[in-house]
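Now for the letters of each chain:
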Amino acid sequence: MLVTWKYRPRNTLMQRLDPRARLIFFLCYLLSVFMFWDVRVLSGFLVITLLTVLSAKLSWKDTRQTWLLLGSFTTFYALITFITGRAGNNLYQTEHIIAVLQAPFVVLGWQPTVAISIEQVFLALSQFSRVSSIAAITLLIPYTFDPAMYGVTFRQLGLPDKLAFALDLTMRFVPSLGRDFAMTMDAQKARGYEMERRSGGLLGQVRKLTPLLVPVVIHSIISGEEITDAMDLRAFGTQPRTWLRRLSYARRDYIVIAVSLILLATSVAANLSGLGRFWAP
Amino acid sequence: MTIRVTNLSYHYRNQRERTLDGLSTEFKPGEVTLIAGASGCGKTTLIRCINGLIPRSYTGGELSGAIELFGQDTAALTLATISQIIGTVLQDPEKQIVASDVTSEIAFGLENLGLPRDEIRERIAHTAELLHISNLLTRETFLLSGGEKQKVALAGVLAMRPRAVLLDEPLASLDPASGREALALMRHLADAGIAVVIIEHRIEDVLAIHPEHCVYMSAGRITYDGDAAGLLQSVDWREIKLPASVVMQRVRAAGMAVPHRARSKSPEQVGSKSIIEYRQVGFGYADGPEVLHDINCAIRRGEIIALIGPNGAGKSTLLKHAIGLNRPVRGQVLVDGVDSAALTVAQLARAVGFVFQSPSHMLFAPTVREELAFGPRNIGLDAETIALNTDNALATVALTGTEDQPPLALSFGQQKRISIASILTMNPRIVIMDEPTAGQDYANYTHFMDDIVSHMRTDAESANAKPGFEALAFITHDLDLAITYANRIMLVADGRIVADGTPEEVLLDTARLERCRIHPTSLLEANLAALNKTTPSGMQSHRFMSAAELAFLA
Numbered sequence: 001m002l003v004t005w006k007y008r009p010r011n012t013l014m015q016r017l018d019p020r021a022r023l024i025f026f027l028c029y030l031l032s033v034f035m036f037w038d039v040r041v042l043s044g045f046l047v048i049t050l051l052t053v054l055s056a057k058l059s060w061k062d063t064r065q066t067w068l069l070l071g072s073f074t075t076f077y078a079l080i081t082f083i084t085g086r087a088g089n090n091l092y093q094t095e096h097i098i099a100v101l102q103a104p105f106v107v108l109g110w111q112p113t114v115a116i117s118i119e120q121v122f123l124a125l126s127q128f129s130r131v132s133s134i135a136a137i138t139l140l141i142p143y144t145f146d147p148a149m150y151g152v153t154f155r156q157l158g159l160p161d162k163l164a165f166a167l168d169l170t171m172r173f174v175p176s177l178g179r180d181f182a183m184t185m186d187a188q189k190a191r192g193y194e195m196e197r198r199s200g201g202l203l204g205q206v207r208k209l210t211p212l213l214v215p216v217v218i219h220s221i222i223s224g225e226e227i228t229d230a231m232d233l234r235a236f237g238t239q240p241r242t243w244l245r246r247l248s249y250a251r252r253d254y255i256v257i258a259v260s261l262i263l264l265a266t267s268v269a270a271n272l273s274g275l276g277r278f279w280a281p
Numbered sequence: 001m002t003i004r005v006t007n008l009s010y011h012y013r014n015q016r017e018r019t020l021d022g023l024s025t026e027f028k029p030g031e032v033t034l035i036a037g038a039s040g041c042g043k044t045t046l047i048r049c050i051n052g053l054i055p056r057s058y059t060g061g062e063l064s065g066a067i068e069l070f071g072q073d074t075a076a077l078t079l080a081t082i083s084q085i086i087g088t089v090l091q092d093p094e095k096q097i098v099a100s101d102v103t104s105e106i107a108f109g110l111e112n113l114g115l116p117r118d119e120i121r122e123r124i125a126h127t128a129e130l131l132h133i134s135n136l137l138t139r140e141t142f143l144l145s146g147g148e149k150q151k152v153a154l155a156g157v158l159a160m161r162p163r164a165v166l167l168d169e170p171l172a173s174l175d176p177a178s179g180r181e182a183l184a185l186m187r188h189l190a191d192a193g194i195a196v197v198i199i200e201h202r203i204e205d206v207l208a209i210h211p212e213h214c215v216y217m218s219a220g221r222i223t224y225d226g227d228a229a230g231l232l233q234s235v236d237w238r239e240i241k242l243p244a245s246v247v248m249q250r251v252r253a254a255g256m257a258v259p260h261r262a263r264s265k266s267p268e269q270v271g272s273k274s275i276i277e278y279r280q281v282g283f284g285y286a287d288g289p290e291v292l293h294d295i296n297c298a299i300r301r302g303e304i305i306a307l308i309g310p311n312g313a314g315k316s317t318l319l320k321h322a323i324g325l326n327r328p329v330r331g332q333v334l335v336d337g338v339d340s341a342a343l344t345v346a347q348l349a350r351a352v353g354f355v356f357q358s359p360s361h362m363l364f365a366p367t368v369r370e371e372l373a374f375g376p377r378n379i380g381l382d383a384e385t386i387a388l389n390t391d392n393a394l395a396t397v398a399l400t401g402t403e404d405q406p407p408l409a410l411s412f413g414q415q416k417r418i419s420i421a422s423i424l425t426m427n428p429r430i431v432i433m434d435e436p437t438a439g440q441d442y443a444n445y446t447h448f449m450d451d452i453v454s455h456m457r458t459d460a461e462s463a464n465a466k467p468g469f470e471a472l473a474f475i476t477h478d479l480d481l482a483i484t485y486a487n488r489i490m491l492v493a494d495g496r497i498v499a500d501g502t503p504e505e506v507l508l509d510t511a512r513l514e515r516c517r518i519h520p521t522s523l524l525e526a527n528l529a530a531l532n533k534t535t536p537s538g539m540q541s542h543r544f545m546s547a548a549e550l551a552f553l554a
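From first to last, the protein sequence lines are chains B and R. Residue numbering for the first sequence follows our numbering, beginning at 1 and increasing consecutively. Residue numbering for the second sequence follows our numbering, beginning at 1 and increasing consecutively.
Worth flagging that the hints you see were computed from the coordinates, not collected in a lab. Hints should not be assumed to be uniformly reliable.
Partial selection, computed: residues in chain R whose CB lies under 8 Å from chain B [stated by the list, open to error]:
id: 1; residue: 111
id: 2; residue: 209
id: 3; residue: 212
id: 4; residue: 246
id: 5; residue: 323
id: 6; residue: 329
id: 7; residue: 360
id: 8; residue: 367
id: 9; residue: 373
id: 10; residue: 375
id: 11; residue: 516
Since we're looking at a predicted model, the values are computed, not measured. Where is the CB? At the ideal position from N, CA and C, for every residue including glycine.
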């Protein structure tokens, strides 16, 4: 059966909002962040993100692992950007070198050297702000979105019955996959399997993952069929369906939706008029 | 008006033989019907034909004959209509529950029928009250216990107000007390005028609610159709587990030779050196409360240990410490005298073989041979040893000859055996099995347990002379399995070992068993009644036996 994310009821503005309003805010915010490369604007978004995260009142105990993972991922990603300057080519033409770092050792006649430019520093900062904002806002969803509301939220956003319920199942499929993966991992560990011992090329790596991938995939297919049977047996999809829960907008929801749409419109307008592109002093 | 099945046959598209072959029977409102039979006899297929999944969801097979639901021919009905006449509770409630919380789960079918919200709410409240689960309505479904899940699955079906309920092995995943509660509910439903059809291996438990009608199926045919007393006399007691008194009486009457049964040793014969030792072990999941408290025990050579106790007592959690899949938060686990904290799971796997409950979480290889070689290769055994171990392991689980078949194409029972064989090939010193008999029929698991136990190495036999492991531990809800095979029983409840000792020491206190949600079986009663006859010469403690063996005591 499908498990759900670690949601808890909380008395916060975020969880009092109509889930549809939250979903609209989420999408508008995400798209708006995508419109900018200017670290001055992005740091503004980062501040809003942090305030939003704080307002969710998640306990550190519940979410510690998630944030640590997020922190290490975004830092790593920014570092890669910093060292390689990847993605910079399209954003800036000239570079101003401020320092050249040389490794104090030589490997096979090659001395690793990194030239640091102002542009690289600011590209890394922008990248960090963008990725952190997007990831942190996204990660709030599983913790603050009542799983019982998934289906009806999509339905009342205008999707048809079947699609809305399919999305409901999909939302819960991800944590279920995680659980199956953990169980398979344990079962294979008990047979002496060690993830760390992977070696060989890409193909070799994939081959060594088959003891994990095959059972998880097979399990997903089987449980998919089981869910289909269980739904068929209770007359799913035979006629238009009633949704027991009903969502209705309150005034605060209209405000949130209006703000979200204005934010998106402003961001798109700024982007079209050439504002908010990459910036370095 | 009844459910009438007339000359029903079904042939799955990809199977050689017909799965159902000319069945005719009738299920009446107000009656409990028990359908029994070995795995693969066609019980589940019969259910699928009655509830309409065949031919509506399972297409491409050949269906003939007729099914009439209270006067209506099913062929003309839609699934939506059938689902309001017949409710089906699938084998595993985990497979049935589609919603994330209990209210949505009970509402699901009613929503699909497009009923008005007020009526849905009223029916949810009424059904929840009927099943005494009103307190669960706001809970998330995946956090429920096994027994609660089943009641919720049943509620989702009953809310649709069916006139008949089909249950496919409803007891399989329940501890004995939850199973009894579920059955009492079935009786109640039948008395209220619903036709209740229960497919079940655990005949003895179902007989407790006095089914009016019993059907026995074999190879797609009905071989018995009548009352309970007749069933007990007509079916083979080796095929399906009958109450101990019936088996004893029938074995005596037939005067047949005592079947050879692999024997566990008497507790006195157990070695003294411990393979695994728990010292003051306490455990809790990250940030959660402690779930195991003060576990102190040692597993020694020659022991066959059964862990029994209610769902969620911590049995699996306890045994997973032996191989490092759980690590103690307090205390130590020693494996061969060495603190396991410093060893990885892969290192511990050389000494400790752990078989998970569900084979589908581990089988992956294209052939059985490769599946069995995976473990030993990981721990660095050489090719010659692996080949030898593979032959031995397949012989132990009676699957010699399947080497080149894909394990995923085998039947569930065979997959289960392959998953055990794939641990045996690693030559562990101790084998641990989580619910080894779940999902297998009686004849199947009796053979298999006999084989496993007979491959255990005794003190006198050196590792070179005979392959095999030195100790066995298994988790089970089946008290009779523990009685028949174990020489030591651990009763676990609420994260503690409540009792630990010889079967006699642990099982004599039936009040304590009841407190731990285990109901004494007829086999336990028969053994307790025969205690003065079952002491092997020169031994202090009594030996517990199967019903067939008890039959031949002087």
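Here's how the hints hold up against the structure:
At a threshold of 8 Å, the smallest CB-CB gap from residue 111 of chain R to chain B is about 5 Å, leaving the interface hint in force. The beta carbon of residue 209 of chain R comes no nearer than 24 Å to any beta carbon in chain B, farther than 8 Å, and the hint placing it at the interface is violated. Residue-level restraint check for residue 212 of chain R is violated (minimum Cβ-Cβ distance to chain B is 25 Å; threshold 8 Å). A distance limit of 8 Å between C-beta atoms decides the matter here; for residue 246 of chain R the minimum to chain B is near 35 Å, and the interface restraint is violated.
The beta carbon of residue 323 of chain R is positioned within 8 Å of a beta carbon in chain B (closest approach about 6 Å), and the interface hint is therefore held. For residue 329 of chain R, the suggested interface contact is broken, since its CB lies about 16 Å from the closest CB of chain B, more than 8 Å. Look at residue 360 of chain R: its Cβ gets to within about 5 Å of chain B, closer than 8 Å, so that hint holds up. For residue 367 of chain R, the suggested interface contact is broken, since its CB lies about 13 Å from the closest CB of chain B, more than 8 Å.
Restraint check, residue 373 of chain R versus chain B: the minimum CB separation of about 10 Å is more than 8 Å; hint violated. The beta carbon of residue 375 of chain R is positioned within 8 Å of a beta carbon in chain B (closest approach about 4 Å), and the interface hint is therefore held. Checking residue 516 of chain R against chain B by beta carbon gives a least distance of about 26 Å; that is not within 8 Å, so the hint is violated.
In terms of the numbered hints stated before, the structure departs from hints 2, 3, 4, 6, 8, 9 and 11, listed from lowest to highest.
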